[in-house]
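Same order as they appear, the protein sequences are chains A and B.
Oh and the first sequence: position 39 is 39 in my numbering, straight run, nothing missing.
For any residue, its number in my numbering is found by taking its place in the second sequence, counting from 1, and adding 1000.
Hints in this document: simulated from the structure, not taken from any laboratory.
Don't take every hint at face value.
Short, incomplete list of chain A residues facing chain B, as computed with Cβ under 7 Å [as the list claims (entries may be wrong)]:
1) T46
2) S49
3) I53
4) G56
5) T173
Take a look, some chain B residues computed to stay more than 10 Å from chain A by CB distance [as the list claims (entries may be wrong)]:
6) E1026
7) E1097
8) K1098
9) I1106
The C-beta atom is built at its ideal place from N, Cα and C for all residues, glycine as well.
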Amino acid sequence: MSDPPHADTLPHTGKDLPPLLVITPRGMDANILSKAIREIGFPLETIRSTDEIPEGTMEEFGSLIIAQESLSEESLEKFSTRLGRQDDWSEMPVILLAGERSGAIALREAVRAQFTRARLVVLSRPLSWVEFQTAVQSSMSNRLRQYQVRDHLRMERLLRRELNHRVKNLITTVQSIARLTRRTTGTGKDSYDDFLERLDALNNVHGMLMQMDTVGVRCDELFQELLRPYMDGDKLQLHTEPVNLFPAAAHSLGLCLYELVTNAVKYGALSHPVGTVVVDFRTDGDTAWFRWKETVPFTLTQPETMGYGSRFIGASLASVFGSPANVAYEQDGLLVEGSGPRDTVICPPEDSVGPTVHFR
Amino acid sequence: MKIMICEDNIVIAMSIEMLLEDSGFESAGIVTTRTACLQECDANRPDMVLVDLDLADGPTGVALVRDLHARGIPSIIVSGQTSVIDLSGSPAVAVLEKPFHDAALIALLEQSLPA
């Protein structure tokens, strides 16, 4: 018979291996079993009876090795209850060492009903050294596959939670757009068109953010992508740095740009053949700043009431930069400015950002 | 009654602000992080803060509610995650799950604020 595979051949790093739990009332037996287990590279702990198994679901143990004499009728019943309390993914591998007189088959038949949530192997004594090590190795590989199932289930649960959260937020955002549109433009056809336009903006910005890196969104790419349909000749000039925006800042800036450009097309610089817009997003030391300046060949008058657009622009820039924005209806065209600390808007370089998902 | 909105989705925040104004409340402004909210509250104390759980500086809403409570400022949690985050020990005066109806928020505010 060839040697059993060593723990190092299993697909994981040695230090992450879960310990086997060796359960026998006899110290000498514990020593011999420990030696056989250590020889193939597995960590282990020893206790004298199943009653001493630490509280919990036994998730942390790779396999249990139980000598028959450590199980009384009472402790067998208690252990069976413990097996029943395992998580859904878990089916604890158990190597049961039959006493020399009882025999493996008789013991297996006796405990089968009580070990329903265990992957049971029964070995007769005297044990074969290699047979025992092979059983240990096989039990541990099986346990590691169970851990993979556990990790998949946890990841799926996490993703479902995240999806649920995003859907609820999205519905709330759409509800909010409806609420704002009704408040600012009433309930007529114009209002309906405004609502649909804003939904389009939300969809565009969302689509763009999804395509980009989730750690940070390249500012120059976002601006170019959003404003591309309006970059006809020199009417719209864009000066942006290739910095990474935080996703929340990118989302608000994207919607703000959309509102600004829609407004410019309807009433401002882009509604007139010779009007121009200059857009800047730059950093200056520790400060990041945004500027949107329209120049129109007519005299701009300040609207009497502040509509959704102006309020939204002011509020979104304030949320991005953490301080009030300047929205000014200058005579030669609209001026919008916002600025704030660089590190609240712009991500540090990607390699300094650690992973955001961790497994146990 | 001055109410501050701590919410990082600017569309949602603005719509809440307009809803508050239409219902006779005063907005104490929109903030998007736990830090900014506490700074604003220290500078210009509101009567109530509406707190989203997931903010621009991370999942800091639960801790923010505790910070506000320590300052004696009541808060209402407004979030889409109320069913998956354990809020049993939270000192928030009420919890409202997103999406919500206008009337539900206004009713909660009217119940929660001192007469």
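Tested hints:
1. T46: Nearest chain B Cβ about 37 Å off; hint violated.
2. S49: 36 Å, violated
3. I53: With Cβ-Cβ at 28 Å, over 7 Å, it is violated.
4. G56: 20 Å, violated
5. T173: 5 Å, holds
6. E1026: 16 Å, holds
7. E1097: Violated: least Cβ distance 8 Å, not greater than 10 Å.
8. K1098: 4 Å, violated
9. I1106: 13 Å, holds
Checked against the numbered hints listed earlier, the structure breaks hints 1, 2, 3, 4, 7, 8; every other hint is satisfied.
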